[in-house]
Amino acid sequence: MEATGDTTYDVTLDVPPKYGLKLALNHEFPLQSKQIIKPRPKQIFDLMPLSARYLKYYIGQKINKKRPIMDYINLISAQRMYGCPIGGIGGGTIGRGFKGEFCRFQLNPGLYEYVTVPECQFIVNLRNENNDTIFQSQTKKGTIVVGVEFEWFRV
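Using the UniProt record's numbering, read the sequence shown as starting at 1 and increasing by one per residue.
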């Protein structure tokens with residue numbers, strides 16, 4: 001079925017695209033971003049009741065040794081490593097970096113963990129017909145399992 005304005009495109013899957021994001025795996029983005037939230041002078045009066053309620057909530061959470069769901073006192077700036085979120089049910093719950101690593105977790109609503117878990121790295125394991133490992137490689141250097149040699153990718 002063709003809709004109005006549709007055109008056909010010549011798509012070849014055996015060559016890389018002409019345009020797209022192409023980065024080395026050891027790429028570092030130059031931008032260091034900081035979140036600076038400054039209300040305008042005329043907004044300060046309107047924000048006073050909201051700020052008082054939030055401070056009451058925040059102090060109560062800290063006294064009970066819990067993390068506040070929305071922590072506006074200790075803001076976390078955006079990191080330079082994030083790729084697209086994993087979609088489907090729970091899209092955005094586990095985030096991945098552009099290198100393929102899992103680096104952002106939200107298992108409790110609103111509470112984010114910004115860590116790269118070494119156990120979640122990608123591993124390639126090739127075995128022969130006798131089920132012996134002949135090649136094993138991992139995307140990021142971690143602890144070596146006893147009895148198995150790894151050839152590490154440089155990232």
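Hints are supplied without guarantee of correctness; some may be wrong.
Cβ pair distances, simulated, as ranges [to be verified]:
{"#": "1", "residue 1": "F29", "residue 2": "I134", "range": "51 to 61 angstroms"}
{"#": "2", "residue 1": "K62", "residue 2": "T93", "range": "18 to 28 angstroms"}
{"#": "3", "residue 1": "L75", "residue 2": "G97", "range": "30 to 40 angstroms"}
{"#": "4", "residue 1": "G20", "residue 2": "R67", "range": "17 to 27 angstroms"}
In silico SDA-like links for lysine to any residue, alpha-carbon gap of 20 angstroms or less [said to hold, decoys possible]:
{"#": "5", "residue 1": "K66", "residue 2": "Y114"}
{"#": "6", "residue 1": "K66", "residue 2": "E113"}
{"#": "7", "residue 1": "K66", "residue 2": "Q106"}
{"#": "8", "residue 1": "K38", "residue 2": "K66"}
{"#": "9", "residue 1": "K56", "residue 2": "R67"}
{"#": "10", "residue 1": "K65", "residue 2": "L55"}
{"#": "11", "residue 1": "K66", "residue 2": "G110"}
By construction, these hints were calculated from the structure, which means they are not laboratory data. Glycine is no exception: its CB is placed at the ideal position from the N, C-alpha and C atoms.
Each hint, compared with the structure:
{"no.": "1", "hint": "F29 with I134: 51 to 61 angstroms", "in the structure": "violated, 37 angstroms"}
{"no.": "2", "hint": "K62 with T93: 18 to 28 angstroms", "in the structure": "holds, 26 angstroms"}
{"no.": "3", "hint": "L75 with G97: 30 to 40 angstroms", "in the structure": "violated, 21 angstroms"}
{"no.": "4", "hint": "G20 with R67: 17 to 27 angstroms", "in the structure": "violated, 38 angstroms"}
{"no.": "5", "hint": "K66 with Y114", "in the structure": "holds, 17 angstroms"}
{"no.": "6", "hint": "K66 with E113", "in the structure": "holds, 14 angstroms"}
{"no.": "7", "hint": "K66 with Q106", "in the structure": "holds, 16 angstroms"}
{"no.": "8", "hint": "K38 with K66", "in the structure": "violated, 27 angstroms"}
{"no.": "9", "hint": "K56 with R67", "in the structure": "holds, 14 angstroms"}
{"no.": "10", "hint": "K65 with L55", "in the structure": "holds, 15 angstroms"}
{"no.": "11", "hint": "K66 with G110", "in the structure": "holds, 13 angstroms"}
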